[in-house]
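A.B. asks: Each chain, letter by letter, is given below.
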Amino acid sequence: MNSKLKIVYNGLVTENPTFVLLLGMCPTLGTTTSAHNGLAMGLATAFVLMCSNAVISLCKNLIPEKVHIPAYIVIIATFVTVVQLCMNAYTPALYETLGLFIPLIVVNCIVLGRAEAFASKHDVADSLLDGIGIGLGFTLALTLLGCVRELLGSGSLFGFVLLPEWTNMLLFVMAPGAFIALGLLIAVKNAINPSKS
Amino acid sequence: MNYLIIFITAVLVNNIVLSQFLGICPFLGISKRLDTAVGMSGAVAFVMVLATLITFLLQHYVLETLHIEYLQTIVFILVIAALVQLIEIMLKKSVPSLYQALGVFLPLITTNCTILGVAIMVIQKQMTLAESMVFAVATSFGFGLALILFAGIREQLALSEQPKAMEGTPIALITAGILAMAFMGFSGLVG
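As you go down the protein sequences, you meet chains A and B in turn. Residue numbers for the first sequence follow the working numbering, so the first one is 6 and each next one is one higher. Residue numbers for the second sequence follow the working numbering, so the first one is 2 and each next one is one higher.
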């Protein structure tokens, strides 16, 4: 496989942030009440991840070693503020639903984790691709969890009713369902692909 | 009375971990043993109350006076990161015994979303300074309660036999789900 494609594939599958690295659990559980919300949160995080990875990779030689963590956090927080202001202006309803989790992208361990583990060691193009891969992997996982919860909880998918006769299992839209659904999804992933660790 | 309602709501009804989904990373990561769970809860409580106090004052006396509220996210996270560093240095010098107990957890706290989450929440809910302090204390108490309960369950869980695919995180998440269900029972407590 082409090495550039491999970086994207690595983020999407081999090192999927949610199912393999088990990072960024708060938004994963908190925003996936429906497939739509999961997708939106995933894309917002992916945007921040791409931009911060690219900028950090560009600045890596300018930032003194001792203050690299605060410097990275400022760069990440800048892009989070950009996302925050854009969502507030163009998609106010979505901004309202995702609420606190948008500013909290700053403390999402995936973003800082990739900055530290990848962007600070690779060139811009590779870092950008890594951002895209990990971002899409995160989006994929959130959408999947959102789909499962929405389907079980209200018999619909992206707002379209698929199972009109369905007895809504409201539990899956509420807090406990998030934990249980994610636990089962990871168990399924482990059963299919037990090679990890 | 109002303060009591804020306290009970934050600890039981809207538990920060089990119903707000903040601080899941330490909740899953540091809950394998009871003693580390206690240490982490202590460190979180300490930082949360201080961080909420400082960010509250900054928001009302600096950001709002200068009309630069849009810098909230950047300013808050920097203040929290600096505060954690400062606490670490001060504890190391002045209270080494406390530093021994909390030291390893302190660097992890910067990226603990409960701290930034609470700092932003008290601004969004337009609480007064006293309410914010009660809220911060109660939230850290709720975090500790959930973490310590969960660590107790996981210590037992480690001794039991599980299907191969369920070992580790999956079973922990499902247990957390059941614990969250138990906390849902409190939802009618405060009207």
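Just so you know, the hints here were simulated from the structure itself, not pulled from any lab data. These numbers were taken from a predicted model, which means no experiment stands behind them. Heads up, a few of these hints could be off.
[Claimed, not checked] List time: in silico DSSO-like cross-link candidates among lysine-lysine, alpha-carbon distance up to 27 Å:
| # | chain 1 | residue 1 | chain 2 | residue 2 |
| --- | --- | --- | --- | --- |
| 1 | A | K194 | A | K71 |
| 2 | A | K194 | B | K33 |
| 3 | A | K194 | B | K93 |
| 4 | B | K93 | A | K71 |
A.B. asks: Take the hints in turn and mark each one as holding or not.
C.D. replies: Results for each hint:
| no. | hint | in the structure |
| --- | --- | --- |
| 1 | K194/A / K71/A | violated (39 Å) |
| 2 | K194/A / K33/B | holds (22 Å) |
| 3 | K194/A / K93/B | violated (43 Å) |
| 4 | K93/B / K71/A | holds (19 Å) |
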